[in-house]
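Q: Chains as they are written, first to last, in the numbering used here: chain A, 1 to 272; chain B, 273 to 468.
Worth flagging that the hints you see were computed from the coordinates, not collected in a lab.
Heads up, some of the hints might be wrong.
Below, in silico cross-link-like pairs of lysine-lysine (BS3-like), each with a Cα-Cα straight-line distance of 25 Å or less [as the list claims (entries may be wrong)]:
#1 A/Lys11 <-> B/Lys460
#2 B/Lys336 <-> A/Lys61
#3 B/Lys309 <-> B/Lys321
#4 A/Lys61 <-> B/Lys325
#5 A/Lys10 <-> B/Lys445
A few chain B residues that face chain A, going by a derived Cβ cut-off under 10 Å, partial list only [stated by the list, open to error]:
#6 Thr452
#7 Leu455
#8 Ala456
#9 Lys460
Sample of chain A residues with no beta-carbon within 10 Å of chain B, all distances over it, derived [as the list claims (entries may be wrong)]:
#10 Glu2
#11 Cys12
#12 Thr13
#13 Gly15
#14 Leu17
#15 Ala19
#16 Leu24
#17 Val92
#18 Val105
#19 Val108
#20 Leu111
#21 Leu112
#22 Leu113
#23 Pro117
#24 Gly236
#25 Pro270
On a predicted model such as this, the values are computed, not experimentally measured, just so you know.
For every residue, glycine included, the Cβ atom is placed at its ideal position computed from N, Cα and C.
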Amino acid sequence: MEAVIEQIIKKCTYGTLSAEERELVREWCGTEEEFMRMKRFLLDVEAIAAAGYLEPNRAIKSSLDTIFATRHGGIRANWTPPAETAVRPVEVPVIPMHQRTWVRVAAVALLLLGTAPLWNLADHELSKQGTPEVAKLENPEAKAGSAVKPEQSDSVSEVKDQRDAAAIAGNEMIADVPARALRTTSPDFGYSGAYDKPLADSLDDGEAAMAEETHELGRMSVSDAPLALKDFSAAGIEADLHPDDETVTLETIAISMADQPGELLDFIVPAF
Amino acid sequence: MRLFKKEYGSLSDEQLVIAMAGGDQRAFDHLYGRYAKPLMSYFMRMMWKDREKAEDFVHDLFTKLIHRPGLFDPSRSFKTWVYSVAANMCKNEYKKQEIRKNTSNGLDSSYPVSDSSKNTLNEAHNALFKEAFEDQILVLDAKHREVFEMRHFDGLSMKEIADVLQISEGTVKSRLFYATRYLAEGLKDFRPAHTA
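In isolation and in its complexed conformation, chain B is listed as follows (with noise of 0.2 Å):
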């Protein structure tokens, strides 16, 4: 018998797990919430902005997750358990399509590029700034182009992207600086109107 309300806003993500094995819908829930949107936009990023593929692979997931939750080990991260389990989704999908897709051409009208305070002036500047971006990245091999979007989009740390990519800290941080120094440097002349 509970005396108290569960608070399902301060437990770990590893504890959400645990009680949503046991049956727990709230916990479930929480969970969903905090992770849907982040693998939405992953899946967005690695299916070549297909948003049904990346809607189904959302949903596959998930439902890995409520059938079998003894495949996560409470002891280790679960942040960096899914995003490994969506990075061998992805993998999985490359072997099987064998091709790869030549995505955006123009702004792409789902995906919202608009900041906070609505600037007209910010928002040109932002949403040619991501086309110029997403033409830069893709110039970058796979697997510097990974290590970065993680980093910048998905905001795992270096140790967290190590564990999800299976490789050592090290090599993280030479290829984000590998990165990061030739995107910089492909966008060099790139002029914004205005910088915050």
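So here's chain A without its partners, still in its complex pose (with noise of 0.2 Å):
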């Protein structure tokens, strides 16, 4: 507002100023002779004003260009040289090998290139695994109590075909066992891998015999449909170890009769 009063004390006269104008600077000068005394004051200051800056002394610039120089040292990429030293050629920035863009983009592609095998890798290493529910078919050469081999994952396939076709045949031995049905207080008692486990560490000693030659048994047959054989008579036998076991069930078991009657006589263990 201020500047707004002394712009049109500056440049009106006193007889020009409209009501509005008049009212504003009425606080400053009311009258005639204080509006002209005032605006030649104003004008004279203004005057002096303009007469313009003083200039500092040059070697206050080059003492400051020397502490600037000393405080951000080296070459700098913004800077030009002034127009007098133009007949020298400018100084070309020197910039690191490892902050130049392609040298990035080129790293950065190199280690995806190294590390590609490594992917296939991982993946064809998630498709060994297979699904969990399959049982796992026991190697006949392997050892009781021997790891489970890697290679029981494509007998589990050969297995899986085995049975489907026997399915198809209509002279399946289906045991169907779900994982939950085979728990037990025994806790080594699994659905895979059974046979190749210790049973005598979670089994009394009496039924440990017994369960080792079930074990045994469990072991024979097993070309044709070795993966029910073996579900029944884990299943059954763990029936018959514990009979008070109320944990146990049987859900479902199918015996087909027409195969091999003998030997599914064999696997009937009685209870005392």
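Need the complex rebuilt from these two chains, each delivered in its own frame; the hints are there to steer you.
A: This is the structure in structure tokens:
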């Protein structure tokens, strides 16, 4: 507001002021005489100010340039020489190799290409694991207590094919014993790899021998429907071994008596 | 990699300070070009027309800016900040000296008084008015004189003066009004031979 008042006083004459302008300047100069006096004063002050600023000595700028160069040493990318040094070639800024864009792009590409084989290997490993529900077929050559071999996964897929074939033929031995049916007090009795685990760790001594025998029997006749036989045998054995254990339940056991009834009878172990 | 040359003249003071803090020499050159003369004139007025002392203060102020650019808050106006620093430097100097120099008894040869038209009559008028003005403004107390000089000689707005002196705008307005009325009244008997 004060700037507006000053401009009105400097630029205008008292007679040309509008009512609003006179109201604005009334506080500064109520009469025409005061208006003219203020006008002259402000113009004279403006003249003094317009005479120009004082310029510092050039040595001050030189000293400050030296201080600046000391503070920010080295080649500055944005620095260009003054006009008087234009005859000399402009210094090209030195950029380190590792800061160049193409080097960085090449390094990233190299890393990606170098790790590409590892991607395929990871996918291959995942495909080998298969589904956990499929029972692993024991390797006939494998010894008791031995660790589960990786090649059992191939046997499992083979058994699955065999089971499918038996179902179609109608002469199947189905042992539909879900994993939960095998939940017993014996923690080591699992659905897969049961025959490879030392059953004696979880069973009584008397039962251990029987379990071992049936364990051996379970290894036989694995050609046609070995998975079903083993499942039935394992569940049946467990049920017989723990007749009072209510946690053991056999949901569905369908046995075809058409094939090898004699062998089937061998698996029926009396509970007493 | 820059494709276009930076136009330093179009950058604001705050942008120049940021660039200068990053080591941009040209940004510092532009900043110095903008504020060296006004600050020199300011220190000349505040330091009893002592040119050497005024140049030392200009050098010290810019040295402080080079070494510690973080003292400036980019959210603030650089103009008000630099004048605040200059005002504080003068106050500290006053405390050291604790005296007030009586300076101009005559025309200061180092202070340019001629206008661009080089009219001899105007030059004489301006010189005489300047002398009378300096005598009159010395009678004014420091707080009113400071506001008046910042407004008319440093070109600061009311808000900028309030920020520099850490006072309200209303106080700035009242002090400016009082100083203007007092000086105009005191110089009413000075009748110039030529009025622009």
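Q: Please list, smallest to largest, the hint numbers that this structure does not respect.
A: Hint 10 contradicted; others consistent.
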